[in-house]
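Trainee: Residues 1 to 847, numbered by UniProt numbering, are exactly what the sequence shown covers, in order.
It should be emphasised that the hints constitute simulated quantities derived from the structure, not laboratory data.
These numbers were taken from a predicted model, which means no experiment stands behind them.
Please note that a few of the clues may not be correct.
[What the hints assert, rightly or not] Below, a list of computed lysine-lysine pairs in the BS3-like style, where the Cα atoms sit at most 27 Å apart:
1. K597 x K361
2. K526 x K484
3. K330 x K361
4. K456 x K441
5. K361 x K520
6. K674 x K361
7. K484 x K472
8. K330 x K441
9. K526 x K472
10. K472 x K330
11. K374 x K345
12. K456 x K526
13. K674 x K484
14. K674 x K716
15. K456 x K484
16. K526 x K674
17. K472 x K441
18. K520 x K472
19. K472 x K456
20. K520 x K456
21. K520 x K804
22. K597 x K796
23. K716 x K484
24. K674 x K804
25. K456 x K330
26. K484 x K441
27. K484 x K520
28. K597 x K526
29. K804 x K526
30. K361 x K716
31. K597 x K674
32. K345 x K330
33. K345 x K361
34. K796 x K526
[Claimed, not checked] DEER-style ranges, computed between Cβ atoms:
35. R115 x E256: 13 to 23 Å
36. S493 x H764: 11 to 21 Å
37. A134 x V643: 53 to 63 Å
38. D425 x L774: 43 to 53 Å
39. A182 x A131: 21 to 31 Å
40. Q267 x T85: 27 to 37 Å
Heads up, the beta-carbon is just placed ideally off N, CA and C, and yes, glycines get one too.
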Amino acid sequence: MVVGHGMVGHRFVEALRARDTAGEWRVTILAEEADAAYDRVGLTAYTEHWDRAQVALPGNDYAGDDLVDLRLGSAVVEIDRDARTVRTAAGETFAYDTLVLATGSYAFVPPVPGRDLPGCHVYRTLDDLDAIRASAQTALGSKSPVGVVIGGGLLGLEAANALRQFGLSTHVLEMSPHLMAAQLDEAGGVLLNRMMRGLGIEVHTAVSTESIQPAQKHKPLRRSAIDDSLRVSLNDGTAIDAGVVIFAAGVRPRDELARDAGLDMAQRGGVLTDLTCVTSDPNIYAIGEVAAIEGRCYGLVAPGYTTAEVVADRLLGGAAEFPGADMSTKLKLLGVDVASFGDAKGLTPNCLEVVVNDPVKQTYAKLVLSDDAKTLLGGILVGDASSYGVLRPMVASELPGDPLALIAPATDGESSGLGVGALPDIAQICSCNNVTKGDLKEAICGGCTDVPGLKKCTLAGTSCGSCVPLLKQLLEAEGVEQSKALCEHFSQSRAELFEIISATEIRTFSGLIEQFGTGKGCDICKPTVASILASTSSDHILEGEQASLQDSNDHFLANIQRNGSYSVVPRVPGGDITPEQLILIGEIARDFDLYTKITGGQRIDMFGARVEQLPEIWRRLVEGGMESGQAYGKSLRTVKSCVGSDWCRYGQQDSVQMAINLELRYRGLRSPHKLKMGVSGCARECAEARGKDVGVIATETGWNLYVCGNGGMTPKHAQLLAGDLDDETLIRYIDRFLMFYIRTADRLQRTAPWLESLDGGLDHLRDVVCNDSLGLAAEFEAAMLRHVDGYACEWKGVLEDPDKLARFVSFVNAPDVADPTVAFTDRAGRKVPVTALGMPTVVQEAK
Numbered sequence: 001m002v003v004g005h006g007m008v009g010h011r012f013v014e015a016l017r018a019r020d021t022a023g024e025w026r027v028t029i030l031a032e033e034a035d036a037a038y039d040r041v042g043l044t045a046y047t048e049h050w051d052r053a054q055v056a057l058p059g060n061d062y063a064g065d066d067l068v069d070l071r072l073g074s075a076v077v078e079i080d081r082d083a084r085t086v087r088t089a090a091g092e093t094f095a096y097d098t099l100v101l102a103t104g105s106y107a108f109v110p111p112v113p114g115r116d117l118p119g120c121h122v123y124r125t126l127d128d129l130d131a132i133r134a135s136a137q138t139a140l141g142s143k144s145p146v147g148v149v150i151g152g153g154l155l156g157l158e159a160a161n162a163l164r165q166f167g168l169s170t171h172v173l174e175m176s177p178h179l180m181a182a183q184l185d186e187a188g189g190v191l192l193n194r195m196m197r198g199l200g201i202e203v204h205t206a207v208s209t210e211s212i213q214p215a216q217k218h219k220p221l222r223r224s225a226i227d228d229s230l231r232v233s234l235n236d237g238t239a240i241d242a243g244v245v246i247f248a249a250g251v252r253p254r255d256e257l258a259r260d261a262g263l264d265m266a267q268r269g270g271v272l273t274d275l276t277c278v279t280s281d282p283n284i285y286a287i288g289e290v291a292a293i294e295g296r297c298y299g300l301v302a303p304g305y306t307t308a309e310v311v312a313d314r315l316l317g318g319a320a321e322f323p324g325a326d327m328s329t330k331l332k333l334l335g336v337d338v339a340s341f342g343d344a345k346g347l348t349p350n351c352l353e354v355v356v357n358d359p360v361k362q363t364y365a366k367l368v369l370s371d372d373a374k375t376l377l378g379g380i381l382v383g384d385a386s387s388y389g390v391l392r393p394m395v396a397s398e399l400p401g402d403p404l405a406l407i408a409p410a411t412d413g414e415s416s417g418l419g420v421g422a423l424p425d426i427a428q429i430c431s432c433n434n435v436t437k438g439d440l441k442e443a444i445c446g447g448c449t450d451v452p453g454l455k456k457c458t459l460a461g462t463s464c465g466s467c468v469p470l471l472k473q474l475l476e477a478e479g480v481e482q483s484k485a486l487c488e489h490f491s492q493s494r495a496e497l498f499e500i501i502s503a504t505e506i507r508t509f510s511g512l513i514e515q516f517g518t519g520k521g522c523d524i525c526k527p528t529v530a531s532i533l534a535s536t537s538s539d540h541i542l543e544g545e546q547a548s549l550q551d552s553n554d555h556f557l558a559n560i561q562r563n564g565s566y567s568v569v570p571r572v573p574g575g576d577i578t579p580e581q582l583i584l585i586g587e588i589a590r591d592f593d594l595y596t597k598i599t600g601g602q603r604i605d606m607f608g609a610r611v612e613q614l615p616e617i618w619r620r621l622v623e624g625g626m627e628s629g630q631a632y633g634k635s636l637r638t639v640k641s642c643v644g645s646d647w648c649r650y651g652q653q654d655s656v657q658m659a660i661n662l663e664l665r666y667r668g669l670r671s672p673h674k675l676k677m678g679v680s681g682c683a684r685e686c687a688e689a690r691g692k693d694v695g696v697i698a699t700e701t702g703w704n705l706y707v708c709g710n711g712g713m714t715p716k717h718a719q720l721l722a723g724d725l726d727d728e729t730l731i732r733y734i735d736r737f738l739m740f741y742i743r744t745a746d747r748l749q750r751t752a753p754w755l756e757s758l759d760g761g762l763d764h765l766r767d768v769v770c771n772d773s774l775g776l777a778a779e780f781e782a783a784m785l786r787h788v789d790g791y792a793c794e795w796k797g798v799l800e801d802p803d804k805l806a807r808f809v810s811f812v813n814a815p816d817v818a819d820p821t822v823a824f825t826d827r828a829g830r831k832v833p834v835t836a837l838g839m840p841t842v843v844q845e846a847k
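The task is simple: from the sequences and hints, build the whole structure.
Mentor: This is the structure we're talking about:
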């Protein structure tokens, strides 16, 4: 008899049935929830689709297994140890030979007055999230769409992320001086505090909640005067009015059944067990979060799975014991990476710490070492946790090199050399399922040739998923050629999908995945296919089904900013602008109270527009003869130019006119990543053309063409493709180059890494573009001509279509309500979003 059907209960049943080949055990599962086992670790993912089937654990219905009887909605209320029976809330009685308690834990709610008021929730089950969503929808229609999370640990940040996804301005209250106090040290926690504030979540630390009361009983605060809100009063004398309050202050083991049955309890709660997970009753075991193994409860899925395996082994005559637990954690929310592993806080006597703290780049890394600096004991990573997958398995092992080099930022042309190859075979790659590097190598030798095969064979990567990148690295290290599949829904690469779309009549994502893919798609393949569709036709980016594939920027044809507002950047080809257009931009910025700035690409950016303001702003710009398309799409951004031969005494060619020609030709060209160009009128390079994807520099007799230069984290200079070109040849070569890149690059791959990955490198690219070695030059040029002929301003298309206009509202259920979370202040006479001062804002993402 198994009481409870969470992740650990399901894992136990799977392990027992897999090993019990003789059918010795019949299993009855009594589950309190109406849903069979689901992925509670990935609970927040449910808020992205609200489809319970997508979070269900594989095989959770045990279809076709006559030895498993799953009964949902059957809460056990009593254990009779003498009779060896359990009784459910419905009055049914079931007998058992062996009882396995997998009751898990419940969300702890501190004894705060008002904790039971409507609008107060815990964050634990799918039903909890449904209730939170209902409260959030009510709050969104109020004057103060605010949510408060009490608790700043792992669960609290998950809950805060969910509230933010609902569109609520979110506050997190934490009693400790920093977030994730159980996993991070002070320096890492302080950085996380700052990063979360910068992303629009207001963090209150070193505070506790004194009471929660209906806000209407008090004189309303200025910022949130609503009738149905809750007032959360803090011990520092401040208060927050909110529509939703979530308690995420930790969990407690659900041990009431065992306690009432007279089983021994641990001092701090939980059913006391030995290392075999047996309780004080030899016929009863406890696994997962309810089990206090030698007095200690473990609140993570990995040790829970280990207890499930131990009991399954014991029931079949084995001698397994609980070996201890890996309490490593990794979190990625709102684009922020956080990880801790091993002795993260350096509690081992005489240990050493190596720290790299970069507050400018917002990264913090710490390694805890043995006193001889040879053995890794633990670590913390904040802001960049890319090394977590390799570092965590190295805990308790000798380091392969200089500790500082393992966490120091990589420099151009250099790397730490840290990789899966540095790990010994005994290193645990997947802590959730206790899979070592040796296990994975054995599976590869047995015929597993891809990541899905390894996951199916070893279960590695099937729980939290943090080890999946290492699986691919290990396959590559073992010499197994890897698939270039775009994602799990398409076995084809982006380049192959481009060819399929080009060669067929398919013009929708649904049609493509029906014929050439599987499933429903994901956030990798949907925007990628949307980009390919845009690159191969002149259909409007928000036309029909294609609109639902876009990311936040393309969804609203504007660039989302850190405080949830949007920027407006009208296209100014080559930087050439008339006085009338300057006046128009100034008038719009004044009328809509927008902050203006000259961008690095010589354009005028207007910051601070709300979603519902965008149509009127663009109506005025379009009527003034200006176009959209700059700044928000994975497409051509700008063509920067110097003043050229018209004004500069050094100018050798008309760089301004060439920049205008290029920008007008390639505007709206959708590509795997953004594109930037520059045209300099002489070798003095005032337009910085060699830092661009396409750089053009004038010579005495024509133009030099440079390609594949990028800025960003790893800047690359553009390389000379051809020299002394006339205007016609220059444009012809750029046409070919861009189309070759668009057809063959991977998703989100800029031109510099694309060139590095290209077989034959620059020489091959030169042969294709200049010598037509593939015989595709005419096809490339024709495709570009179709783009040029079919171009239309995307915002003009929106303004002419009432259906497209209807999407531009802050809140779907309150279209006339302005977004109250978008706020600004003045700093030294300069208008800035309040996030720059560490005050509350929220980023709205299109859903």
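Trainee: Does each hint fit the structure? Answer for all of them.
Mentor: Quick rundown of the hints versus the structure:
no.: 1; hint: K597 x K361; result: holds (23 Å)
no.: 2; hint: K526 x K484; result: holds (17 Å)
no.: 3; hint: K330 x K361; result: holds (20 Å)
no.: 4; hint: K456 x K441; result: holds (14 Å)
no.: 5; hint: K361 x K520; result: violated (37 Å)
no.: 6; hint: K674 x K361; result: holds (22 Å)
no.: 7; hint: K484 x K472; result: holds (11 Å)
no.: 8; hint: K330 x K441; result: holds (25 Å)
no.: 9; hint: K526 x K472; result: holds (23 Å)
no.: 10; hint: K472 x K330; result: holds (19 Å)
no.: 11; hint: K374 x K345; result: holds (18 Å)
no.: 12; hint: K456 x K526; result: holds (25 Å)
no.: 13; hint: K674 x K484; result: holds (22 Å)
no.: 14; hint: K674 x K716; result: holds (15 Å)
no.: 15; hint: K456 x K484; result: holds (19 Å)
no.: 16; hint: K526 x K674; result: holds (17 Å)
no.: 17; hint: K472 x K441; result: holds (12 Å)
no.: 18; hint: K520 x K472; result: holds (24 Å)
no.: 19; hint: K472 x K456; result: holds (14 Å)
no.: 20; hint: K520 x K456; result: holds (21 Å)
no.: 21; hint: K520 x K804; result: holds (24 Å)
no.: 22; hint: K597 x K796; result: holds (24 Å)
no.: 23; hint: K716 x K484; result: holds (25 Å)
no.: 24; hint: K674 x K804; result: holds (24 Å)
no.: 25; hint: K456 x K330; result: holds (23 Å)
no.: 26; hint: K484 x K441; result: holds (21 Å)
no.: 27; hint: K484 x K520; result: holds (20 Å)
no.: 28; hint: K597 x K526; result: violated (33 Å)
no.: 29; hint: K804 x K526; result: holds (19 Å)
no.: 30; hint: K361 x K716; result: holds (20 Å)
no.: 31; hint: K597 x K674; result: holds (21 Å)
no.: 32; hint: K345 x K330; result: holds (15 Å)
no.: 33; hint: K345 x K361; result: holds (23 Å)
no.: 34; hint: K796 x K526; result: holds (25 Å)
no.: 35; hint: R115 x E256: 13 to 23 Å; result: holds (19 Å)
no.: 36; hint: S493 x H764: 11 to 21 Å; result: holds (18 Å)
no.: 37; hint: A134 x V643: 53 to 63 Å; result: holds (60 Å)
no.: 38; hint: D425 x L774: 43 to 53 Å; result: holds (45 Å)
no.: 39; hint: A182 x A131: 21 to 31 Å; result: holds (27 Å)
no.: 40; hint: Q267 x T85: 27 to 37 Å; result: holds (29 Å)
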